[in-house]
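A.B. asks: Sequence:
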Amino acid sequence: MSNSIVVISFRIGNIMNTLLKRSFRLGAIVSCILLASLFSSLAGCNKTRDMTANQPSVAIDTAVDDSVITAKVKAALLVSGDLKSLDLQVQTKDHEVTLSGFADNRDQVDSSIAITKSIDRVTSVVNHITVKK
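Numbering of the sequence shown is given in our numbering, commencing with residue 1117 and proceeding in unit increments.
Please note: incorrect hints may appear among the correct ones.
To be verified - Using C-beta positions, here's what the derived DEER-type ranges look like: (1) Lys1249 to Val1180: 34 to 44 Å; (2) Thr1246 to Lys1200: 38 to 48 Å; (3) Asp1177 to Ser1240: 10 to 20 Å.
Stated by the list, open to error - Taking lysine-lysine and the DSSO-like style, the derived pairs with C-alpha atoms no more than 30 Å apart in a straight line are: (4) Lys1248 to Lys1209; (5) Lys1248 to Lys1233; (6) Lys1200 to Lys1233; (7) Lys1233 to Lys1209; (8) Lys1248 to Lys1200; (9) Lys1233 to Lys1249; (10) Lys1249 to Lys1200.
Since the hints were derived computationally from the structure, they do not count as laboratory data. If you're wondering where the values come from, they're calculated on a predicted model, not measured in any experiment. Note that beta-carbon positions come from the ideal geometry of N, C-alpha and C, so glycine has one too.
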């Protein structure tokens, strides 16, 4: 388990380094979210836990999932060729992702939606992207 955590941390570090090179602002946001998700999921790894004790609430699990989904969507949009320059906002609630902002054309809107739908655990996408005239 310990070796896999190191490998995962190393890979996440490499991914974050690449993201930071492409866009410092968005890369920093994604890095913070990914690190927060990683640390929150690893917080109890070395503790022995009574499985009959109270389990974490579903709301906390969903909030962490939503944060991870948001980070994955932002990262996927960032590495996409024609979408990385767009200023899109991504919000996730109960695995439903809302995209908002502005795009230059309808193809960018469609690509953004398709990329978002391809992310694991996304149940639906709400489009609030406006095409510039």
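A.B. asks: So which hints don't hold here, by number, going up?
C.D. replies: Hint 2 alone not satisfied by this model.
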